[in-house]
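Undergrad: For reference, the chains in residue letters:
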Amino acid sequence: MNRTITYRLALASLLSLLAACTEQAKGPDPRKQILEKHDQLMAKSEQAVSIKMQLDTLKLSHFRTGHLITDTLAASKEITRLKHHLAEADDKMEDWMHNYQPEYKGKSLEETNAYFKKEADKLNSLDNDYKIAIAAPNELFAKLHIQTTSAKK
Amino acid sequence: MKRIIYLFLIAVVITACKETLRKLPIFGNRQAVNRLVDEKKIVDTIYQTIPAFSFINQDSITISNHLFDGKIYVSDFFFTSCPSICPVMHRNLMKVYEKYKGNSEVMLLSHSIDYKYDVPHVLKSYATKLGVSGSQWQFVRGPKESIYGLAKNNYLVSVGEDSKAPGGYVHQGYLVLVDKDKRVRGAYDGTKTEQVEQLMSDMDILLAETKQGK
Chain H
1 MNRTITYRLA LASLLSLLAA CTEQAKGPDP RKQILEKHDQ LMAKSEQAVS
51 IKMQLDTLKL SHFRTGHLIT DTLAASKEIT RLKHHLAEAD DKMEDWMHNY
101 QPEYKGKSLE ETNAYFKKEA DKLNSLDNDY KIAIAAPNEL FAKLHIQTTS
151 AKK
Chain P
1 MKRIIYLFLI AVVITACKET LRKLPIFGNR QAVNRLVDEK KIVDTIYQTI
51 PAFSFINQDS ITISNHLFDG KIYVSDFFFT SCPSICPVMH RNLMKVYEKY
101 KGNSEVMLLS HSIDYKYDVP HVLKSYATKL GVSGSQWQFV RGPKESIYGL
151 AKNNYLVSVG EDSKAPGGYV HQGYLVLVDK DKRVRGAYDG TKTEQVEQLM
201 SDMDILLAET KQGK
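Line order of the protein sequences matches chains H and P.
For reference, each letter of the first sequence is one residue, going 1 to 153 in full-length UniProt numbering.
For reference, each letter of the second sequence is one residue, going 1 to 214 in full-length UniProt numbering.
Worth flagging that the hints you see were computed from the coordinates, not collected in a lab.
One should not assume that every hint holds.
Covered stretches of chain P, going by a simulated chain H footprint (3 or more residues, C-beta under 8 Å) [stated by the list, open to error]: (1) 29-41; (2) 144-157.
Under the rule of at most 30 Å between Cα atoms (straight-line distance), these lysine-lysine pairs were calculated in the BS3-like manner [unchecked claim]: (3) H/Lys92 - P/Lys116; (4) H/Lys83 - P/Lys116; (5) H/Lys131 - P/Lys116; (6) H/Lys37 - P/Lys192; (7) H/Lys105 - P/Lys23; (8) H/Lys32 - P/Lys129; (9) H/Lys32 - P/Lys116; (10) P/Lys124 - H/Lys37; (11) H/Lys131 - H/Lys59; (12) H/Lys122 - P/Lys116; (13) P/Lys41 - P/Lys99; (14) P/Lys182 - P/Lys124; (15) P/Lys23 - P/Lys182; (16) P/Lys99 - P/Lys129; (17) H/Lys92 - P/Lys129; (18) H/Lys105 - H/Lys117; (19) H/Lys105 - P/Lys124; (20) P/Lys116 - H/Lys37; (21) H/Lys37 - P/Lys182; (22) H/Lys117 - P/Lys116; (23) H/Lys59 - P/Lys23; (24) H/Lys32 - P/Lys180; (25) H/Lys118 - P/Lys116; (26) P/Lys180 - P/Lys192.
If you only want the chain H side, here are some residues facing chain P, beta carbon under 10 Å, derived [unchecked claim]: (27) Ser45; (28) Met53; (29) Tyr100.
Where a beta carbon is used, it is the ideal one built from N, C-alpha and C, also for glycine.
Using the sequences and the accompanying hints, generate a full structural model.
TA: Next up, the structure:
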């Protein structure tokens, strides 16, 4: 009787150890990580829209005050270029959101892992795009002594 | 024993009175103006209101702010392919829809922030899948700048600047309660059941408030 109990206890311990190891091997949930990253990028998307709106309000007088550009055409081209980069990053984000499959089912473990790894890489690349697209107008605003209206950085 | 019953009844009446007297705050900027009423100079307050807007809805019809005249409504910001906050928020908002379904004084207005993909037929199929029919719950799309501008400058004025949740102000799942005079009277986290319960309780107060003539 005592031996049976000992065997059962040993088996239970072994099973819990195995479960713990499997959990550890699995690592963090890639779906959750992607959602967290997505939510962070949504804040950047909001920031990009705010900056685009602020760029629309820039007038030649701002450039004159900042003694930056006296050529209206050059100023206008610069604003268009900055807005284009912001729109491009936002466009890529919308494409990602539309194509992402949070319920990626019916595939092998390797295929599933590869899919989520690829999507995480896409988000990292998008993060970089946003950083560059947001930094450039912010530099311009700083030169023109204009406070940025975007809520979050 | 009789005394206890009387005391209990008095307490119930006081509680009920308190509930009917409770008023919701009015958010946004306000301005004091002088007015002449019966040749007497009085100071009146002008509150910030939701400005005029015009968007395309799930039925490809252009709707404007006038559709919401004389109604209280709940406004939110979402997009149909949203994998995180929006599904929870709209599942919770369905409870509001079910409760006030058919009430001509109540409407819901969901703004899509994905102008590229959330075209009317996508919005329609999203609404249908959610279980929404008719026109009481409007799903609209408009240029990103218009939607974000309206969200940040008008609807989300009641959302604190100290909010640290990821996703920016617009993508945080807020449900904003607007009164019949188009003033913001509350903002609730649409991902939290207890906040949505609070929203419905506040909607009842707002409906009663307008019946009492404010």
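Undergrad: With a Cβ-Cβ cutoff of 8 Å, does the stretch 144-157 of chain P contain at least three residues near chain H?
TA: holds (count 5)
Undergrad: Against the 30 Å threshold, does the CA-CA distance of H/Lys32 and P/Lys180 hold or violate the hint?
TA: 40 Å, violated
Undergrad: Given the proposed pairing of P/Lys182 with P/Lys124, does the C-alpha separation stay at or below 30 Å?
TA: The hint holds at about 26 Å.
Undergrad: For the pair supplied as a hint, H/Lys83 and P/Lys116, is the alpha-carbon distance within the 30 Å limit?
TA: 17 Å, holds
Undergrad: If you draw a straight line from the CA of P/Lys124 to the CA of H/Lys37, is it 30 Å or shorter?
TA: 29 Å, holds
Undergrad: Between H/Lys92 and P/Lys116, does the CA-CA distance stay at or below 30 Å?
TA: Cα-Cα ~11 Å, so holds.
Undergrad: Below or equal to 30 Å on CA atoms is what counts here, so check H/Lys105 against P/Lys124.
TA: 26 Å, holds
Undergrad: For the pair supplied as a hint, H/Lys37 and P/Lys192, is the alpha-carbon distance within the 30 Å limit?
TA: Satisfied, since the Cα-Cα distance of roughly 21 Å is no more than 30 Å.
Undergrad: Given the hint that P/Lys41 pairs with P/Lys99, test it: the Cα-Cα distance must not exceed 30 Å.
TA: Violated - the C-alpha atoms of P/Lys99 and P/Lys41 are around 44 Å apart, more than 30 Å.
Undergrad: Please work out if P/Lys23 and P/Lys182 have their alpha carbons no farther apart than 30 Å.
TA: This hinted pair holds, its Cα atoms lying about 16 Å apart.
Undergrad: H/Lys105 and H/Lys117: Cα distance at most 30 Å?
TA: 15 Å, holds
Undergrad: Is H/Lys105 close enough to P/Lys23, meaning Cα to Cα at most 30 Å?
TA: Violated, at roughly 50 Å.
Hints 1, 7, 13, 21, 23 and 24 from the earlier list are contradicted by this structure; the remaining hints agree with it.
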